[in-house]
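Peer 1: Mind docking chain B on chain A? Use the hints.
These protein sequences, in sequence, are chains A and B. By this note's numbering, the letter at position 390 of the first sequence is numbered 390, and the numbering carries on one by one without gaps. By this note's numbering, the letter at position 237 of the second sequence is numbered 237, and the numbering carries on one by one without gaps.
Since the hints were derived computationally from the structure, they do not count as laboratory data. Please note that the accuracy of each hint is not assured.
Unchecked claim - With beta-carbon atoms standing in for the labels, derived distance ranges: (1) A:176 / B:139: 19 to 29 angstroms; (2) B:142 / A:285: 47 to 57 angstroms; (3) A:173 / B:268: 36 to 46 angstroms; (4) B:111 / A:380: 40 to 50 angstroms; (5) B:111 / A:67: 38 to 48 angstroms; (6) A:285 / B:286: 34 to 44 angstroms; (7) B:139 / A:439: 39 to 49 angstroms; (8) A:412 / B:142: 49 to 59 angstroms; (9) B:73 / A:439: 51 to 61 angstroms; (10) B:139 / A:285: 15 to 25 angstroms; (11) B:112 / A:126: 32 to 42 angstroms; (12) B:84 / A:67: 48 to 58 angstroms; (13) B:100 / A:367: 52 to 62 angstroms; (14) B:150 / A:92: 35 to 45 angstroms.
Each residue gets a CB set at the ideal place from its N, CA and C atoms; glycine is no exception.
Okay, here's what each chain looks like letter by letter:
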Amino acid sequence: MKISNLVYRLLATSVATAALFAAPAAAADKPIRIGLVSFLSGPAAGPFGVPARIAAEAIVESLNAGTAPAPYNAIGFSGVPIELVIIDEAGGATKQVAEFRNLVERQQVDFVIGYISSGDCLAIPPVAEELKKLTVLFDCGTPRVFEEGTYKYVFRTRPHATMDAVAGARYLLDTRPDLASYAGINQNYAWGQDSWNDWTAVMSVLRPKAEIVTSQMPKFGAGQYGAEISALMQSRPDVIHSSLWGGDLEAFMLQSTPRGLFRRSGLLLIAGEPNLHRLVGNIPDGTIVGARGPHGVFAPKSALNDWLRSIYRARTGLDPNYPAYSAAQAFLGLKAAYEKARLDKVRNATPMGAAEGVKEGMEEAYKMPSTDEVIAAFEYLTFDGPSGKVMMKLGKGHQAVQGTAYGTTRTVGGQIKIENIKYYPVEQVQPPEGMSSIDWIKGGLKPGKW
Amino acid sequence: MTQLVAVLIDGLIYSSWLFIMAIGLTLIYGVMKILNIAHGSLFALGAYTAASLAGYWFEQGYPAMGSYAVMLVSAVLVGIIAGPLLERGLLRFMYGRDEIVLVLVTYATFLILEDFIKLVWGVDPYFLYQPYGLLGSFDIADLTYPNYNLLLLAIAVAIGAVLAWALTRTRQGKILIAVIHDREMAASQGVNVSRVYFVTFTLGAMLGALGGALTAPMISVQPGIGAETIVLAFAVVVIGGLGSLPGAALAALLVGIVRAATVHFRPELDLFSIYFVMAAVLIVRPKGLFSTQEARKI
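So that you can see chain A by itself, here it is in the shape it has in the complex (with noise of 0.2 angstroms):
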C-alpha cells in the first residue's frame, strides 16, 4: 500500500517542526558546544571584548530557555542546549591559533565563534579549514578575509570595514557640502593605517578638491597627544578623521576638549559608538559617528531588539553597543543556519511517495545535521538581527552584508543622544561581489547590483 505525497508532505511537516521545536531525547544529553573568543584583558576588552562576551552570556541564556523572539524560539539549536567555552582573544595571532587548535582537538567544540582584531581573523580561517571546524567570525572589520580568501569552513556575520570610510564620507559631505578640508589621527598599525587609507581613497573619489592637511599617526596605546593636538590646532582643518578606539580615543578626548580643538575643527569617529557612554562632557555635540551596520542606537525597533537591549541591560544596566549586536549577529545566523539545515535534512530524508524506508528516513530526520549541512544552509542564508536583515551575499556566501547607519551627537540632560541619523542601503556602501574594496572606492563607488 502506498502513502500519499500530500500525506508524506504532512508528515515531513510534523517531523521538521518536532525536530525544530522539540528536544530529541538521545541528543538532549550533549549540548552544542561553542568556543566563543573575545578579548577578556587588554585594551579591546573594556569597550569591546566584555561586551561581546556579556550579550554572549546572555543570548546562550535566553535561547536555552526558549525565551528568545521569534523565529529563534526553539530551545537552544533545534531544541538541543548550548554550552559555552570562553577564550580570550588577547595574546597576539600566533597565541590565537594555538589557542583555536585547543578549542577543536582538546576542548571539542562544535562551532567556534569569535575575534574582534582584524590580524586574528586573518590568521584563524586556513586554520579552521585545515581542522574543518566551522567559524564564525563575529566582529573584525577588515575585508581581506574574503577578499584575497576562499573559504569553505569560515563565516562571517558582520559587514567589514569598507563601509565606515564610504558612509562616513558620504554622511559627512551631506552635512558638509562646503568642506574644504580634513586630517586625520589614527594609530599607526593596520587597523589605523587601513582605515586612513580607505578614507583618503573614498575621499578622493568624493571629494577630490579637499586638501589633506595633516594626518597624525601615533603609536598604538601612546597615551600622550599632546603635540599631536598642537599640529592638529595649526593645521585647522574642516573636519578631522579618527578610527582611534578604546582608551586611546578616551585619552585624546580628554586631552583634546580642554585645549578647544573641536571649537576649530569638527569631529568624525569611526570606532567611537561603544565608547560615548564613557564621554559624557568630554565629546562636542556635533561629533559624527557610526557603527559599522545600524548597531546600537542605530538599530531600528523590532522585537529582536528590544529583546537584546532588555537581556542586555538586566546585566549590565547598560544599552548594548555595537560589538554585542556583532555577538547577537554570530549566534543568531548560526543558529538561523543550523535550524534551516535540520529542517533541509528533513525534507530531505523523508523518502517522498514511497512505504519502504519511512523508520530510516525519520531516523535519518532526527539526527543533528552535519558541518556540511549547515555550511550549506548559512550560504547565501537571510536572517534577522536585531539592527534588521543581515545577508550573506559577499564572499560566495560567506560574508555578510547590511545597510549602515551614521549620526552626530548631541548632550541632553547627562546623556549622549544620536540625532540627524541617515540611512544608507547597501549598494551606497559595500562593493559588490567579485571585487576588491579598493578596487570598487577607486572605479567610482559605483553601486552594485543586490
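Peer 2: Positioned in the frame of chain A, the structure of chain B alone reads:
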C-alpha cells in the same frame, strides 16, 4: 615660528612627563642595580588608586582642589604599601644574584601585579578627568594648553632638584652614593645597606605611583597602561645611562623635543622617534649619555 614654539612647549611637557615616569626606575637601578620591570605596575597601581580615591572625592562633592592632595596621597599609599611588600617580601632574597635574574623576578612580579589589578579593578576603564581642566589654561603660539601641563613641568623640576640636592648635600645622600659606589665597602664602614635598599625601593615605588597618579587625569585608566609606560621609561633610562639622574633628565628632554618635532614635521615617523634617539645615542655612547666608567674588581 609658531610651529617651533609649539614644538618647544609640546617637547617640554612630554619631557617632564617622561622624566617623572623614569626617575623612580633610574633611582632604583642606580642604587640597587635592579632593572625593575614592576615599575610599570607601580605606575598602574598609582593611576588606579588615584582614579578610585579622587573619583570618590568628587562623588562626595568635596572641594575640587582637594583632589590634587588625594592624588598625592594615593601615590604615597601605593609607595609605602607596595614598596616594602616587594622589597622585604621578595627582592631582598635575590640580592647578590645576577642582574638578569632580578629582571626576570621583577618581570614575573609585573605579570602578577597586572592580574592583581584586573582582579581588583576589573577590565573596565576608569576616568579621573576633572583635575586636568581645574587649573585653567594659557594661550601661546595660537594654541591653548591646560595649566595642568605646567604643574607637571614644575613637579618634574622639583623632583629632579630635590633628589640632586638630597644626594649631594645631605648625609643620607652621601651614604647612598657610598652604597652606589661600593656596597661591600659601605657596609664595612657601618652603613646599613639593607635599610638603604629598603628606603630607596620604597621611594622609587612612590615615584612610580606618583607618575601614575599624575597621568590618570589625562588618560583612560585601564589594563595595560603599565606595559606601555615601562617601555618608554626604560628607553629614557637607557639613553641617559642606567642609574644616572642627570642622564634621565637629559634623555627625557632629548626624547621629548625630538618626538614633538617629529609629530609636527614628519608625523609618519613618530613611531620611530624614541628608538631613533636611542639608537643614535647608543652608537656614540653604548652605555648611555651619563654612564660612568666602572672599575674592574679583582
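Peer 1: Work down the list of hints and note, for each, if the structure agrees.
Peer 2: So, going through the hints one by one against the coordinates:
With their beta carbons about 27 angstroms apart, residue 176 of chain A and residue 139 of chain B fall inside the hinted range of 19 to 29 angstroms. Between residue 142 of chain B and residue 285 of chain A the beta carbon distance is about 24 angstroms. The supplied range of 47 to 57 angstroms is therefore violated. Here the CB-CB span from residue 173 of chain A to residue 268 of chain B is close to 26 angstroms, at odds with the stated 36 to 46 angstroms. Here the CB-CB span from residue 111 of chain B to residue 380 of chain A is close to 47 angstroms, well matched to the stated 40 to 50 angstroms.
At about 41 angstroms, the CB distance of residue 111 of chain B to residue 67 of chain A agrees with the hint of 38 to 48 angstroms. Checked against the hint of 34 to 44 angstroms, the C-beta distance between residue 285 of chain A and residue 286 of chain B comes to roughly 54 angstroms, which is inconsistent with it. A hinted range of 39 to 49 angstroms for the beta carbons of residue 139 of chain B and residue 439 of chain A is consistent with their spacing of about 47 angstroms. Our hint of 49 to 59 angstroms for residue 412 of chain A and residue 142 of chain B is violated, since their Cβ atoms are close to 33 angstroms apart.
Separated by about 59 angstroms at the C-beta atoms, residue 73 of chain B and residue 439 of chain A satisfy the suggested range of 51 to 61 angstroms. With their beta carbons about 23 angstroms apart, residue 139 of chain B and residue 285 of chain A fall inside the hinted range of 15 to 25 angstroms. At about 35 angstroms, the CB distance of residue 112 of chain B to residue 126 of chain A agrees with the hint of 32 to 42 angstroms. For residue 84 of chain B and residue 67 of chain A, the hinted distance range of 48 to 58 angstroms is satisfied, since their beta carbons lie about 53 angstroms from each other.
Take residue 100 of chain B and residue 367 of chain A: their Cβ atoms lie about 59 angstroms apart, and the range 52 to 62 angstroms holds. The hinted range of 35 to 45 angstroms is satisfied by residue 150 of chain B and residue 92 of chain A, whose Cβ atoms lie roughly 40 angstroms apart.
Hints 2, 3, 6 and 8 from the list above are not met by this structure, while the remaining hints are.
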